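There are 2 protein chains.
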Amino acid sequence: MHVLTKTSTHNRWRTLPLSSISVTGGFWGHKQAVNHQASIPHGFRKLEASGNFNNLRLAAGGGVGEYKTPVFMDSDVYKWLEAVAYDLANGPDPEIQAMADTAIDLVEAAQMDDGYLNSYYQVLKPDRRWTDLAHDHELYCAGHLFEAAVAMHRATGDERLLNVSRRFADHVAGVFGPGKRDGAPGHPEIELALVELYRETGERRYLGLATFFVDQRGTGQMGGYGRWGASYHQDHVPVRDADTVTGHAVRQLYLTAGVTDLYLETGDATLLTAMERLWHDMTAHRMHLTAGFGARFTGESFGDAYELPSDRCYCETCAAIAALMWNWRMLLVKGEMQYADLLERSLYNGFLSGVSLDGHRYFYVNPLQSRGGIERPEWYGCACCPPNVMRLIAVVGHYAATVSDDGVQLHQYLASKVDTRGATGPQASFSVETDYPWNGDVRITIDDTDGAEWELALRVPGWCPGATISVNGEAVEGQFLGGAYATVKRAWQVGDLIELHLAMAPRLTAPNPRIDAVRGSIAVERGPLVYCLEAVDQADIDLLDVSVDPGAKMTDAWQADLLDGVVTVQIPGNVAEQGEWEGVLYLPAGVPAGTPAQTTRPVTLTAVPYYAWANRGPGAMRVWIPKKD
Amino acid sequence: MHVLTKTSTHNRWRTLPLSSISVTGGFWGHKQAVNHQASIPHGFRKLEASGNFNNLRLAAGGGVGEYKTPVFMDSDVYKWLEAVAYDLANGPDPEIQAMADTAIDLVEAAQMDDGYLNSYYQVLKPDRRWTDLAHDHELYCAGHLFEAAVAMHRATGDERLLNVSRRFADHVAGVFGPGKRDGAPGHPEIELALVELYRETGERRYLGLATFFVDQRGTGQMGGYGRWGASYHQDHVPVRDADTVTGHAVRQLYLTAGVTDLYLETGDATLLTAMERLWHDMTAHRMHLTAGFGARFTGESFGDAYELPSDRCYCETCAAIAALMWNWRMLLVKGEMQYADLLERSLYNGFLSGVSLDGHRYFYVNPLQSRGGIERPEWYGCACCPPNVMRLIAVVGHYAATVSDDGVQLHQYLASKVDTRGATGPQASFSVETDYPWNGDVRITIDDTDGAEWELALRVPGWCPGATISVNGEAVEGQFLGGAYATVKRAWQVGDLIELHLAMAPRLTAPNPRIDAVRGSIAVERGPLVYCLEAVDQADIDLLDVSVDPGAKMTDAWQADLLDGVVTVQIPGNVAEQGEWEGVLYLPAGVPAGTPAQTTRPVTLTAVPYYAWANRGPGAMRVWIPKKD
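One line per chain: the protein sequences are A and B, in this order. The opening residue of the first sequence carries number 2 in the numbering used here; numbering runs sequentially from there. The opening residue of the second sequence carries number 2 in the numbering used here; numbering runs sequentially from there.
Note that these hints are calculated values from the structure, not bench results.
Since copy identity is lost for identical chains, a pair holds within one copy or between any two.
Here are the simulated lysine-lysine pairs, DSS-like style, with alpha carbons at most 27 Å apart:
#: 1; residue 1: 126; residue 2: 69
#: 2; residue 1: 69; residue 2: 47
#: 3; residue 1: 335; residue 2: 490
#: 4; residue 1: 554; residue 2: 629
#: 5; residue 1: 418; residue 2: 490
#: 6; residue 1: 418; residue 2: 335
#: 7; residue 1: 126; residue 2: 181
#: 8; residue 1: 47; residue 2: 126
Please read all numbers here as calculations on a predicted model, not as lab measurements.
Pulled out of the complex, with its shape left as it was, chain A reads as follows:
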């Protein structure tokens, strides 16, 4: 999924091994604890109850009952196993290990002698392997298997899934490639997984196969899909010629992540040029404020430029995860903060809304407005998102830091220990203490270092008006504005204390006037968090009738007993009476106001972090709040 090793050569910044960063508490420590205690066991139970495990039993010749679709049920098992791998890397646990062993046994048993492994085809269409690459997800499932295997090997050294994967990958390489079969998967995923498998095994043919699949795209082999056409699965144009993110958002973003992985290993500049073009299109035209992606239910897809509805956006949880994976790879390639900023925006907003605070319920679709009636279910018939959430939370610490030859870069602020010893670059370990995202104070203590000079780069996020830094209580001179890394270079000593303070206050954000869906509205943000209004916090006020004065002063308050502890924001606003609008949708526009006047009365609105919405019943919610006329 996320962890690149040192084999990459075309990157500016390098990842650290899985074991080099551990989350020690704070915001993400709590999320990982819930993930470990609640979500991962919940997933294990659901994979049994939903038939995923039984599908594998049926494929192995055992099992009872009918095969359960959809076609990609195996991938849920693999994503869950990947989550378990990262979870076990955070600390051994015999019960979780036993669950993992159960699943791994099933996977091993289901694999055929020739290496092929896909329970759907093995059980239902044994004679029709590889006959519908556009729709039937065989290569997609393979990709998730490879990712799980690499993760498990890195986390625990367990080679069982890696051996299954190598056999399957070798089988796939025997079927597809130059001089063999043409074709590309309808749902990208295997591309990045093959690159990871290459990194873990050193087998260059896996890299070649990833290149082959990327090069096959857009050659008209897939045709259209229902009403959506070939762009649904990014087959309308070769990867290098694409200039907009298009079609099914998760497919598009797994593809760009895989292509960027290919660039990291091959240095093929034509790929990187296309990726930079697509990243610009996505962020300039097709991104919700939460860094959720996919404007349309139809085709779970990106929409037109500036088509960014709040209520009926799709913003699939998996798409936020895919975007995050892509941004991580772009950050490594380019060494530019915009990618870390966007990664953070997805992480705390478009991604994190995908799971309930108790870790038992999941959003597939993440709207920015609800008129009521929306809650997270416990699982889905198409359950791609829940295990995807689990694997990201379990490995979230890994996104905190990178290294270069002479420096360490801190991108995300988590209570953690970072250890670069053994990696190429500075040899050090340090502790990070912070209550981020609730405030912008970060304390970094050098626990070990070899005395050599190296540069510590601290991300001052784009949202931040400015930062101050001190070392051992002494202010570091310079202006540290948002949108640049603040750097301190010296021969660090054990016990050195670096204190970073990021200014963090509630702020209002305006949308590009071309975004029709949220015209005349503003949003509240604070630090990395997008805020929202939930009906449950506004006594007897319909969220359809509120407005806010953009000039009014907001306040904030830590509330330990609310939503696992959050900072709320209080916003002076107004609530309008329907008046002559009661029961009427359209009226003659008055002159000069352009709309019949409404009576309003002042209220104080309370906003909570968007990620925490829908944990107190299915009431209305809105991120974008109309401005008072």
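With the hints as your guide, set chain B onto chain A.
Frame of chain A, contents of chain B only:
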């Protein structure tokens, strides 16, 4: 479809026979000529090319090749035959009659000995009749057959389809009903058709069967449908308990039309109460300005209250037609202008956008905004809309007038001849001359009358600021405000000339502030027409950047050579530079404006009638225009 006869007893106003109103020219005369010359022959060719006719041949034991789905292909043939019936009523035509005979022969030949008729089941599932009422449209297709048969009988006296229908309806009545099978159709349609068949034949068992199907709804027999649940086909609640229009919009509105038909014949007040409740919900919460219906692509369905997007609304052409059919029935029941007003709004906007000016291309979905790329195709795999358009245009004159014991009501202004002689009520004939909707001048000349006193009621539409009326050049005293019928009662004489002048100027319309999708925007209307901006009319201006000053003065101009002749509206407006918004979706909100300022320059925007959009290429279009800050 549309034509109620005098059997109805629970109505305030009565329809006239099909032959009593003929369109003589003007706006709708031209539309009917295009429908006759282009659309109906086009439909005949498409029904052959798409396999609809061949499906019937296959069902009759002939034909070659494969059956073509979807399951409701027969209904397109029936709707087309209904259109032909109305077209033949407007004047015989041997070529059209020959096409009709071809289709009628196929229908007759396909019917089975026991009366059953559905080519899909006959060819593909002969042993599985009536096994999937929720999804498989057998009863829906039957309903369209009955409507076509009634129309043909009324139009030409041709009994062939009526005989087929009676045999099929008797068969259905033998299967379903008290003491027989339970069940209701997943797609309502047969309810109103059975009432019409009862009206035409006098067979009360058809009325009983319609009642049965309505009463069966909401009893949990259909279950859910995919991700949508039972509300998709209005099976979540009994008809009498429904309080919101819900689910698939065409299903909902065919159902309400049928239920209102049932009320017309039975006087069951519990049905009418429910219909009034649903009508209020629809018009107060879930209606686009164009009187298009259905906010969501997903399930082709109504959305939440106030969920009325411009770009991704559905507003299916068939839904506008269904709404029009329902409003006509409510008008007859209640004798209240609001229903005629809404009928007019659908007719000139949400409906009429469904067909190109040349009559060869059709919209299924009718958005109120396009960012480009949208054009009408010539036909659809699911081709419900094109023949539905044809049948409405062919019979549009019928919606012009009703009669009561002592009066004639003129609801829609069409160049036409109206003849009430022979109907119960005033005995008269008169001519209507008008260029409506281009201006509000209507001249009515009494061609024949028996000298008795009767009241002429003229609709002064809700959009109209006021009207003047004169008789034989002499002003009728009184204030004639929009939203009420202006009445003149006297013993009319042959040659009497009534002149109605409806004030008609471009006007601006504001949306309820609860409609998030169009906040801060206004729309241009003129008479019954909603206007839009098309990119092709605005030189080098991106429609994403325009705004209008609601206080500015608009002008209008007749342009004979544009879009078959239209009045355009010129609007003083502005176009903004992207400036600091270039390539950026979100920025810190300024204080106090709440949004980073943009540079604007004044422009004159040209608006055209919404129904005429997308006849000059796939450029951008918008109905709602942002107000200048």
